[in-house]
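With chain A's structure known, arrange chain B on it following the hints.
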Amino acid sequence: MFEEFLEDIAQKNGLRGVNTYLKLATGLGAIILCLLSTSYFSPLFIALILTGSILVLARVDAKTYAGLFIVPFWFALFSVAGIILVSGGQEVFWRWDPFSWLSLSITRESINFGFLVFCRVMGGMSAMCFIALTTPMTDIFIVLRQCRIPEVVIDLAMIIYRTIFIIVDQVKQIYNAQVMRLGYSTFLESIHSFASMCGAVFIASWDAGEDLIRAMNARCYDGKFALLGETRPVEYLPLFAVMVFLSLSSLVVILSKDMTII
Amino acid sequence: MHIMEGFLPWQWCLLWWIVALPCLIFGIYRLKKVLGTDPEALPLLGVTGGFIFILSSLKLPSVTGSCSHPTGTGLSAVSFGPWITAVVCAIVLLFQSLFLAHGGLSVLGANIVSMGIVGPFFGYAIYQALRNTSVNLYITVFLATALSDMFTYVTTSLELALAYPAEIGGIGSSFILFMGIFAVTQVPLAIVEGIVLALVFKYIITLKPDILIRLKIFSEEKINATRSDA
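Residue numbers (our numbering), protein chains in the order written: chain A, 311 to 572; chain B, 19 to 248.
Some chain A residues close to chain B (C-beta under 10 Å, calculated; not the full set):
1) E317
2) A320
3) I341
4) I393
5) V431
6) I450
7) V462
8) I469
9) Y471
10) I474
11) I477
12) E520
25 Å max Cα-Cα, derived DSS-like pairs, lysine-lysine:
13) K482/A with K220/B
14) K226/B with K482/A
15) K482/A with K373/A
16) K234/B with K50/B
17) K220/B with K240/B
These aren't lab readings, by the way, just hints derived from the structure by calculation.
All C-beta atoms in this analysis are idealised placements derived from N, C-alpha and C, irrespective of residue type, glycine included.
Pulled out of the complex, with its shape left as it was, chain A reads as follows (with noise of 0.2 Å):
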């Protein structure tokens, strides 16, 4: 699970040079078009156009893309299946009623309702996969910089980000380890290994995030991290591609707005 973070990919990928507020702008933007569409055709158009631009432009590798996709993707069809059977409609093409408080039924209004659920977690996820793989991390911290979010909570955010690759370290070194001299061979053993690998990790995070607090302390260290980075300038042709992009979406979910798949 900890083997790559999307911000390792972040760091390296094609629009890494394209104004962060750009690339924010195209997401949220997606994500509120796909939350406000009532058909299921714009949230796909969305997500295929989103799709495209991290396969082509961002250079990411479809396999790693597709494999973000897998478990949204179960989870979107298992949850939809659920909103069909309990949303009910008029036109009823299967019925059941096992409990006097629960009706199971499945009907034309259903599908189409679930499909556009469906479609919306499609598309949403699409445009948050596509902050995720083009975004850093320290490209957000900037920006949360410039919209005055308090201080406090973006070294917070900047000290837990550092210590999530501490531990993913310690984690994956303690559990390789353990694993050689059979700690996770049964159940029991497993939570007895689970436990004294956390709280040596709390431990060796602690003494760390201390040494980083001595660390900044001896160098002059006010309370206020140093963050350095580049605001990039916003170029025509990345702006103008997000002003199309936006656009034809917001003209796809106007256009198609009463689209139904039955």
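Same frame as chain A, but now just chain B:
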């Protein structure tokens, strides 16, 4: 348990953001106060945040558009209280969306309310009720963390039921349906999380009890008594 991006209608996304924001603002106020008096609490907050990130990234599928995993928020609630936990959780949930495509940005408000606010509040309430009693320290930690985890799932089920009520029986039926599905996966996980975090406390008490004393999580007498019992 994180709700996925795009799963909730926009009205519910907005409502949960409106519910989460005042808690976050108060949490930031408390955070400033704590760091103002004890700047060295920052590394522990970072470690706690990193811990929540790792624990709540261990996801298992469940069948309701979400996923089951330990939350780890009980540890933060016990160490820093529920308000600061809300802020730590909000940061962790944002990182999970952007590092692992786990959760979402529009549904962040809903996820903060369930995992960062309601769950930790229940965990903290249990901890406060038991910390100065004769109840064993490990049982206190077990109950606080396990119930914090369980109430996170109850809240998410409620959020899903409110957004997608059943045609017959409405929100109540939908809630029972979502809870029924989650209980199967989450009750054993909550118990395991409680046991794991109780063992983590045991480990900390054995090796570095000064952490718990400095943060006033438990009294020195109680920690010493627990150490001598072991």
